[in-house]
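Protein chains in written order, with our numbering: chain F, 7 to 560; chain H, 12 to 144.
Derived by calculation from the structure, the hints in this document are not laboratory data. The beta-carbon is built from N, C-alpha and C at its ideal position, and this holds for glycine as well. Some clues are possibly wrong.
[Claimed, not checked] In silico lysine to aspartate or glutamate, DMTMM-like type, Cα no more than 25 Å apart, as pairs:
1) K113/H <-> E133/F
2) K121/H <-> E476/F
3) K93/H <-> E133/F
4) K420/F <-> D49/F
5) K40/H <-> D97/H
6) K93/H <-> E56/H
7) K113/H <-> D49/F
[To be verified] Stretch by stretch, here's where chain F covers chain H in the computed footprint (C-beta under 8 Å, at least three residues):
8) 42 to 53
9) 62 to 72
10) 103 to 111
11) 120 to 129
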Amino acid sequence: MKKGARSEFEKGKRQWELSFESEPVQDVDFTTVSAESVDPLYDPDHIEGFDYCRDLGFPGEYPFTRGVYPTMYRGRFWTMRQFSGFGTARDTNGRYHYLLDHGQTGLSVAFDMPTIMGYDSDHPRAEGEVGRCGVAIDSLRDVEILFDGIDLAKITTSMTINAPASILLAFYLCTGEKRGVRFDQMGGTIQNDILKEYIAQKSWIFPPEPSMRIITDIMAFCSNRVPRWNTISISGYHIREAGSTAVQELAFTLADGFAYVEAGIRAGLDVDDFAPRLSFFFNAHLDFFEEIAKYRAARRIWAKRMRDTYGAKDPRSWLCRFHTQTAGCSLTAQQPENNIVRTAFQALSAVLGGTQSLHTNSMDETLALPSEKAVRIALRTQQLIAHETGVVNTIDPLAGSYFIEAKTRELEEKAEEYFRRVDELGGVVKAIEAGFFQREIGRSAYEYQKAVERERKIVVGVNRFQLEDEKIDIPLLKIDPQTEIEQRNAVRKVRADRDNDKAARELARLKTAAASEDNLMPVILDCARCYCTEGEIIETLKEVFGEYQEPPIF
Amino acid sequence: MARKIRVLIAKPGLDGHDRGAKVVANALKDAGMEVIYTGLHQTPEMIAESAVQEDVDVVGLSILSGAHMTMFPRIMELLREKGAGDIKIVGGGIIPEEDVGKLESMGVAKVFGPGTDTREIVDFIEKNFQHAA
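With these hints in hand, go ahead and build the complete structure from the sequences.
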């Protein structure tokens, strides 16, 4: 600011401060949903030292604050990818065709709990859970059915699977292979982010060390054989859902990302061979501007670290490409139609934050898996943003806002503070073992709950604007109990029909490979090809790797 | 002085969503109850065993995976088999209204849905189970 302009600014600011202070303000909580304070007004003083080229640059240019691609939504919209799965593979295949027919542009598989935890549907621990909160997958046979009539060379598929990610990837690749689609033609993502399982989502199988080895095996295999595959979707979503603040989501997710990069480098891989296939997954929570700043900060932090700390030379290694899902934990069972509105605001923040793909939650998700109507409205919400609101016309439209730039910087600084604390604890795995992340998240969750109960935070329809004797008036999806019986019979039939000698030989090879330092992916693919089940593969690996136990703390 | 109410907060089944369970555990503890948390991925057998061993008055089950119609009745049956049918069961999670009615008619004392104020849970337990202690 020139000298004259500066004194005019200071005079104006003092006057405004006096006016502001002389007026009464409402007794309302003006902090963010993460309990971060926000000033009533932002001005040039909040972004002192701001340097356009250093702090923002241009879209597609380092440090990518304004977006990872030069064209952003002028080139193509984000992928509209609804996370979906229930019942049997046949049931879910029907839903996929429905979504694709309604304009969805990518697939995202939700698995049931037994699949996520590595149990076949006829295992005693699967009882009551088969096909309940996702689709039941036991073997290659189910994945063949799941993608029946869908061209795996054209569509990309994201699979929310972690501890057994290598196995589900193998089932997917083998499905393509049987139809003549080459591995290098198939694109998609496996979540494969075991660190956030220990931290927040809690669907682990093996202890951290062998889990990290499986992940580096997948990274090495895919960089050679499946180059279009995103090998890890480093996820803040679940950290946030478990109750973290925005800063914690940002910091813990990126810390996990650094840990994977370090593991890859330790395993002898060249950072530029695997880093371009790392992607991220963030939550879109309620606090509109805080969320937008979070996405912008994530891109800047990642780019700096990858270039300056890990020495990545390939600019693609510097990109924090991410998927976003609106916040399930923000939805209410009360007046569920209001969730359509919440989701729309959240989705808008993700788009203004430059997301690469998006899932919008359905209004009924606090009650059950989404009905067809609810999921259609959720998808339409994205189409409305893309085609009606005009927000896609210009890239990173909020850049230069004093508030947004100040928040972006603040989130970056607070994340850096967390990185230091994690380093002091000896890194991510040590911090997990010490319960650090779990306690931080648990504390934030409880603080938020108390703020709601004290009515400092208002949740519409829950602690204010309630309806007396509310009756839920939307149709809910029901899972037929027959599903479990059918799926149990189906997996038994797979075992009865296959070449069991061959299956046993492949499982024995897997056990040998697990005990050696060989890459596990080729032998897991061989197990998949001869219809070994997921549960059999996991049990074999458990014999070598053991199982993780978390001490129960609250 | 009356014995503190003892509560076991349990996560049956495979689902790992423990935010609600931990928030409720903290709220009950802050309200002066003795709270034991099982940790994750518990079988019905493990939960029934813990409930008996810890001599609790109430078991709070948190389940978000849709397996509630299997898990609740099984745990109650196991408690009865162990001669501990007097231990009260409450629960919460993603449970449709229709199933809430069914569970309560099977003898589950109360199912608390999403958005429940933790003070409501504290009050319910204090009012209904104080004399069980």
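Hint check results:
1. Simply put, K113/H and E133/F have alpha-carbon atoms about 19 Å apart, close enough for the 25 Å limit, and the pair holds.
2. Between K121/H and E476/F the alpha-carbon distance is near 18 Å, which keeps this suggested pair within the 25 Å criterion.
3. A threshold of 25 Å between alpha carbons decides the hint, and for K93/H with E133/F the separation of about 22 Å falls inside it, so the pair holds.
4. The hinted pair formed by K420/F and D49/F meets the criterion: a straight-line CA distance of about 21 Å does not exceed 25 Å.
5. For the hint linking K40/H to D97/H, the alpha-carbon distance of about 22 Å falls within 25 Å, and the restraint holds.
6. Under the criterion of a C-alpha separation no larger than 25 Å, the hint pairing K93/H with E56/H is consistent with the structure, at around 11 Å.
7. Straight-line distance between C-alpha atoms of K113/H and D49/F comes to about 58 Å, which puts the hinted pair past the 25 Å bound.
8. Coverage of the segment 42 to 53 of chain H by chain F holds [criterion: at least 3 residues with CB-CB distance below 8 Å; count 6].
9. For the segment 62 to 72 of chain H, the assignment as covered by chain F is violated, since 0 residues bring a beta-carbon within under 8 Å of that chain's beta-carbons and 3 are needed.
10. With 3 residues having a beta carbon nearer than 8 Å to a beta carbon of chain F, the segment 103 to 111 of chain H meets the requirement of three or more and the stated coverage holds.
11. Residues of the segment 120 to 129 of chain H lying with their CB closer than 8 Å to a CB of chain F number 5, which satisfies the three-residue condition for coverage.
Checked against the numbered hints listed earlier, the structure breaks hints 7 and 9; every other hint is satisfied.
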